[in-house]
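Engineer: Top line first, the protein sequences correspond to chains A and B. The first sequence begins at 0 in numbering that gives the first Met the number 0 and counts up by one. The second sequence begins at 0 in numbering that gives the first Met the number 0 and counts up by one.
Rather than coming from a laboratory, the hints here were simulated on the basis of the structure. Careful: at least some of the hints might be erroneous.
[As the list claims (entries may be wrong)] Derived pair list, reagent style DSBU-like, types lysine-lysine, alpha-carbon separation capped at 30 Å: (1) Lys65/B with Lys42/A; (2) Lys42/A with Lys142/B; (3) Lys42/A with Lys116/B.
Nothing here was measured: the structure is a model prediction, and the numbers come from that model.
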Amino acid sequence: MAAINVTKQNFHDYAAEGKGLVLADFWAPWCTYCRRIAPAFEKIAEQYAGELTAVKVNVDEEPELAQEYQVEVIPTLILFRDGKAAGTVVAPDSKAAIEAFIEEYGRNR
Amino acid sequence: MREIYDAVVIGGGPGGYTAALYCVRAGLKTILLEKLSAGGQMALSTQIDNYPGFEEGIDGFTLAEKMQAQAERFGAETELADVFGAELEGPVKTVHTSEGDFQGRTLILAAGAFPRKLGLSEEEQLIGRGVNYCAACDGMFYKGKTVAVIGGGNSAAADAMVLSRICEKVIVVHRRDTLRATKIYHDPLMKAENVEFVWNSEVTGLLHGDKLTGLKLHNRATGEDSELSVDGVFVSIGRIPASELFRDVLKTDGAGYIVADESTRTNIPGVFAVGDIRTKAVRQVVTAAADGAVAAHYAEEYLAEHKSAALA
Numbered sequence: 000m001a002a003i004n005v006t007k008q009n010f011h012d013y014a015a016e017g018k019g020l021v022l023a024d025f026w027a028p029w030c031t032y033c034r035r036i037a038p039a040f041e042k043i044a045e046q047y048a049g050e051l052t053a054v055k056v057n058v059d060e061e062p063e064l065a066q067e068y069q070v071e072v073i074p075t076l077i078l079f080r081d082g083k084a085a086g087t088v089v090a091p092d093s094k095a096a097i098e099a100f101i102e103e104y105g106r107n108r
Numbered sequence: 000m001r002e003i004y005d006a007v008v009i010g011g012g013p014g015g016y017t018a019a020l021y022c023v024r025a026g027l028k029t030i031l032l033e034k035l036s037a038g039g040q041m042a043l044s045t046q047i048d049n050y051p052g053f054e055e056g057i058d059g060f061t062l063a064e065k066m067q068a069q070a071e072r073f074g075a076e077t078e079l080a081d082v083f084g085a086e087l088e089g090p091v092k093t094v095h096t097s098e099g100d101f102q103g104r105t106l107i108l109a110a111g112a113f114p115r116k117l118g119l120s121e122e123e124q125l126i127g128r129g130v131n132y133c134a135a136c137d138g139m140f141y142k143g144k145t146v147a148v149i150g151g152g153n154s155a156a157a158d159a160m161v162l163s164r165i166c167e168k169v170i171v172v173h174r175r176d177t178l179r180a181t182k183i184y185h186d187p188l189m190k191a192e193n194v195e196f197v198w199n200s201e202v203t204g205l206l207h208g209d210k211l212t213g214l215k216l217h218n219r220a221t222g223e224d225s226e227l228s229v230d231g232v233f234v235s236i237g238r239i240p241a242s243e244l245f246r247d248v249l250k251t252d253g254a255g256y257i258v259a260d261e262s263t264r265t266n267i268p269g270v271f272a273v274g275d276i277r278t279k280a281v282r283q284v285v286t287a288a289a290d291g292a293v294a295a296h297y298a299e300e301y302l303a304e305h306k307s308a309a310l311a
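Isolated chain A, as found in the complex (with noise of 0.2 Å):
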């Protein structure tokens, strides 16, 4: 399933209590670096579809969760497990350093 674009009003139905895991990739269109990583995320998207979902958070447009969530820089890809924050990685330099990511905060502690 390809990455949701998401906003304030229903970023919090995707992250909630019982939803199992989100990743939310924070990103604006005039970072160059949020471009370089948005197709691995895709392909994350699709590759751990059932057992994650991928959602997009648009910082421009969304500046209030970007504050909830304390994003100062981007691109900030964060792990949601129940709708809470598990885990933050900035600027990741490689598809296979995403997935480290989601194995590291993903598993059930």
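Mind docking chain B on chain A? Use the hints.
Structural biologist: For chain B alone, coordinates are given in the frame of chain A:
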């Protein structure tokens, strides 16, 4: 186990995708391994004006996507894989990656180089927002503004010269008390009215809001800390070729570049080096692309020779 490819290309920049394009058009079964997305260094460049055919210029990410689409149109495959190691000797080369092993009868190394960074927190996030690594690429964005150049070698001196013609003021920050650059650069730089020097100083921090606003400096001679207001900084403290995984078997020069002449052939038969990872004088998108075409030619020749040798 996957099939054995005729050509495995490592790196999805202009050198890699041009090699893949020429390989598939020559009938070679080709896969390209890229760890993130097409483009390599140029993907972070917001405007490329010296790649012919785009009279209005083009941003590096879009150019990279076009190169990828063009190679894939003829059957090149792309895998988003991080390369951990490789066995280069013998008739079949094996590449170990995050997505498993890939095998090829030829291997084209196009992993590129990356600018050496200052190593400061938030440096990565300020790329394109005041932090730059290429004066020839990004200097025009600072027309009439004040910029700092970090470094004292030839490329820093050349960057400072380029920027002095564009910017209001250029401040060269160097950790020593004299330039390391070749003498021919010294006079014109010292004479340039809008070039100033800050000697014996290291950058210890980046000041910023949304964009870079200045640098924190530490003077190594006096021990003093200070702040310098600038609109942009050009980091010019060298490049690191992404050849680390291959240095035990491939010949490299002192800086780590893979030794190969204009034929792109390395010291191991069937292994080729293209673009910024190779020893060469001019590192540009267009010269990387040219290397890719040359490597495909010699890969094809190598495969033809080895096929006839196997039959004989």
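Engineer: Would you mind marking each hint as holding or not holding in the structure?
Structural biologist: Against the structure, the hints:
1. Under the criterion of a C-alpha separation no larger than 30 Å, the hint pairing Lys65/B with Lys42/A is consistent with the structure, at around 19 Å.
2. Taken as a hint, the Lys42/A and Lys142/B pair is broken in the structure, with Cα atoms around 39 Å apart against an allowance of 30 Å.
3. Taken as a hint, the Lys42/A and Lys116/B pair is honoured in the structure, with Cα atoms around 29 Å apart against an allowance of 30 Å.
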